[in-house]
Amino acid sequence: MMNLPALIELAHIQLRRRPWSSLIFLGMCLNLIIAPAVYGAAGGEIERSSAWAIGLLGLLTFGLSIYLFVVIFQPERF
Amino acid sequence: MSNSTSKPRRTPQGRRDSRRHTPKVDTKGIYQRAIRDSFVKLDPRVQVRNPVMFVVWIGTIITALLTINPYLFGNVPGENLRFFNGLITVILFFTLVFANFAEAVAEGRGKAQADALRSTKSDTIAKKLSPDGKIQEVSSTTLRRGDIVKVIAGDIIPADGEVISGVASVDESAITGESAPVLKEPGSDIASSVTGGTKIISDELTIRVTADPGKGFIDRMIALVEGAERSKTPNEIALTVLLAVLTQVFLIVVATLPPVANYVKNPVSVAILIALLVALIPTTIGGLLSAIGIAGMDRVAQFNVVATSGRAVEACGDVNTLVLDKTGTITLGNRLAEEFIPVNGHSLEDVAGVALAASVFDETPEGKSIVRLAERLGAEVDFDRTQAEGIEFSAKTRMSGTDLPDGREIRKGAVDAIKGFVRSRGGKLAADLDQAYERVSRLGGTPLAVCQNGDIYGVIYLKDIIKPGIRERFEQLRRMGVRTVMLTGDNRITASVIAQEAGVDDFIAEATPEDKIAVIQREQAEGKLVAMTGDGTNDAPALAQANVGLAMNSGTQAAKEAANMVDLDSDPTKLIDLVTIGKQLLITRGALTTFSVANDIAKYFAILPVIFAAAGLQTLNVMGLVSTQSAVLSALIYNALIIPALIPLALRGVKFRPLTANQLLQRNILLYGLGGVVAPFIAIKVIDVLISAVGLV
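If you read the protein sequences in the order shown, they are chains A and B. Sequential numbering of the first sequence, starting at 0, is according to numbering that gives the first Met the number 0. Sequential numbering of the second sequence, starting at 0, is according to numbering that gives the first Met the number 0.
Simulated from the structure, these hints should not be mistaken for laboratory data. These numbers were taken from a predicted model, which means no experiment stands behind them. Accuracy of the hints is not assured; some may be wrong.
What the hints assert, rightly or not - Here are the simulated lysine to any residue pairs, SDA-like style, with alpha carbons at most 20 Å apart:
1. B/K126 <-> B/K110
2. B/K231 <-> A/V69
3. B/K231 <-> A/F68
4. B/K264 <-> A/I45
5. B/K110 <-> B/E203
6. B/K231 <-> A/I45
7. B/K231 <-> A/I71
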């Protein structure tokens with residue numbers, strides 16, 4: 000079994016090598032926590048798949064907001 | 000400072016005479032290429048560089064998913080959701096395509112110009128001279144800085160260089176558009192530089208290569224017009240930040256809307272929220288921003304001026320002070336001898352004879368006109384020219400002349416300089432010299448004294464003609480808040496007469512090249528942006544110091560490298576036009592930003608009241624839009640269509656008017672601010688009526 004520092008190192012390398020696919024993967028992982036919370040908060044009014052989609056939409060909106068902050072503070076990169 | 004050699008090719012008010020040159024660009028196929036490029040630019044790696052359009056891109060992807068599965072994010076009210084979401088997706092997709100198209104069209108001309116330049120830059124065979132004098136035929140791509148090459152009539156000059164021997168005519172039309180050949184010879188500050196890709200049409204030249212492969216003038220031009228080196232200008236960066244802030248604000252507002260909507264029991268679908276976000280963020284200016292900048296560069300290129308960056312073009316619009324050479328810019332380049340005024344008891348014939356002797360080796364237009372006037376008065380050369388030695392004019396001595404075989408020294412030049420020369424030869428100054436000098440100066444002419452050893456013979460009246468219409472142009476610049484400073488080597492009286500006639504704000508008489516850089520530094524110390532022109536090596540420091548340095552293509556390599564713009568027509572008056580283009584660029588960007596932001600008001604009133612109709616906001620539906628779906632679609636259709644509708648304005652630029660900053664602001668607020676509020680109200684209502692009539696919703 001791989002130890003934690005090696006795992007972080009691997010994640011870091013992958014993030015730099017394949018940023019988009021790594022971010023999607025990390026988003027999916029994070030959604031493992033968010034989606035059940037959304038499903039629970041809805042009180043059963045939505046399906047599990049919708050909760051998953053809403054979780055991802057929330058993450059995407061959050062990511063978009065981070066991206067816009069980067070544009071605001073480092074505009075010359077764009 | 001050798002502007003006397005530049006040729007005036009413009010008439011005032013921006014209109015040009017028949018010698019205007021525009022780059023030979025094949026614009027055929029620009030639109031086909033732009034259509035193709037507008038789809039290629041949908042690549043997210045390209046879109047991410049434009050924050051506003053990237054948000055639209057993400058929105059398009061989400062609505063496309065909602066078209067496939069309208070209940071992706073849970074149950075939403077409404078009928079025909081798949082069709083409605085599909086329509087939103089299509090409209091958002093075309094919003095992106097239209098924005099990309101605007102940029103692609105603006106880039107298209109530059110690419111076409113780059114293609115035309117690339118076609119002149121073929122690999123040629125160069126005759127390289129080895130140190131032992133042998134000629135070796137090599138490919139032009141193997142030439143390096145410092146190599147010596149020989150070119151003969153019919154050859155393409157293989158690389159940029161300096162002529163070290165020979166005199167030849169060179170066809171530079173591939174670069175400048177000017178069909179008349181240019182004489183190239185060594186030693187001259189101006190005519191000794193040659194450009195790779197141009198063609199020698201007579202005689203032969205020996206050239207020292209001054210640029211390594213890929214770093215020549217044409218290579219730099221290709222990179223610039225193609226936009227390969229285009230980076231955002233400070234104004235563009237500032238505007239990008241503003242647009243990102245607006246987008247961020249609206250993103251937060253729209254993202255936090257669902258809880259409020261649910262609380263008032265008026266749930267809103269994700270597709271409508273995305274439509275609302277796209278309608279509220281400034282997509283019009285976001286889509287047209289880069290096109291406006293590229294088009295500004297292109298307008299400069301169409302003026303046959305190569306700018307090293309968009310920053311330089313933009314700086315033209317912010318210029319506060321124009322430093323202009325008198326000769327060639329304010330007055331017609333060629334001063335002509337009008338009259339000889341004898342002094343010191345000499346006759347007119349004596350003055351003509353000495354003036355002729357002083358000018359036989361002077362190849363400048365002024366020198367030739369003195370020879371013509373002297374010959375008209377019957378003067379003849381009474382010495383062996385082959386035994387005489389010509390003394391060239393220099394900025395330091397401020398005189399030129401001839402050393403005759405019998406030891407006589409004949410000089411002509413600035414009156415002070417000739418006085419000094421006469422004193423150094425033990426001569427005495429004539430009392431009537433100052434009277435003649437003042438008379439010519441008060442006429443606005445240039446007085447040149449002529450002497451033989453220690454004896455002053457008289458004064459030559461060189462007539463200077465102020466360019467027609469230049470006074471009106473300076474008046475326009477003054478109204479725009481641009482100050483003009485004239486630099487001249489003439490004496491104070493002549494300079495003040497010309498300055499008054501031309502209407503410049505300030506002048507510096509008896510100026511040396513060092514004065515040029517001093518006046519620029521003084522103005523910059525007061526926080527002003529300064530523009531200037533130059534062509535000589537001694538102008539290079541001032542060109543580098545100025546915020547906008549316009550070098551003449553006929554100038555030296557040093558001047559061209561120091562400047563941030565090169566005028567291929569070598570017309571110094573163009574600096575005034577460049578200020579106009581720069582201001583036009585800034586005004587266009589400001590006007591479209593105002594219009595885009597003002598549009599939001601109408602879009603807000605179109606979408607929000609109908610979305611929250613159930614919550615009692617129906618009274619705000621001042622446009623009386625039929626339904627939520629028709630309101631959303633109308634606002635989005637308007638949002639998409641306004642981009643291509645404004646492409647011509649973005650590319651052509653807002654019509655320039657020489658008004659003060661306050662007048663311009665008032666005008667733009669009225670036209671683009673008020674127009675930006677009213678136009679979408681009308682357009683959205685019309686679209687709503689149309690789509691309801693055809694039964695789209």
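Each hint tested on the structure:
1. B/K126 <-> B/K110: 32 Å, violated
2. B/K231 <-> A/V69: 16 Å, holds
3. B/K231 <-> A/F68: Distance ~18 Å between B/K231 and A/F68 Cα, so the pair holds.
4. B/K264 <-> A/I45: Distance of about 17 Å is within 20 Å: holds.
5. B/K110 <-> B/E203: 34 Å, violated
6. B/K231 <-> A/I45: 46 Å, violated
7. B/K231 <-> A/I71: 14 Å, holds
The structure does not agree with the numbered hints 1, 5, 6 stated previously, though it agrees with the rest.
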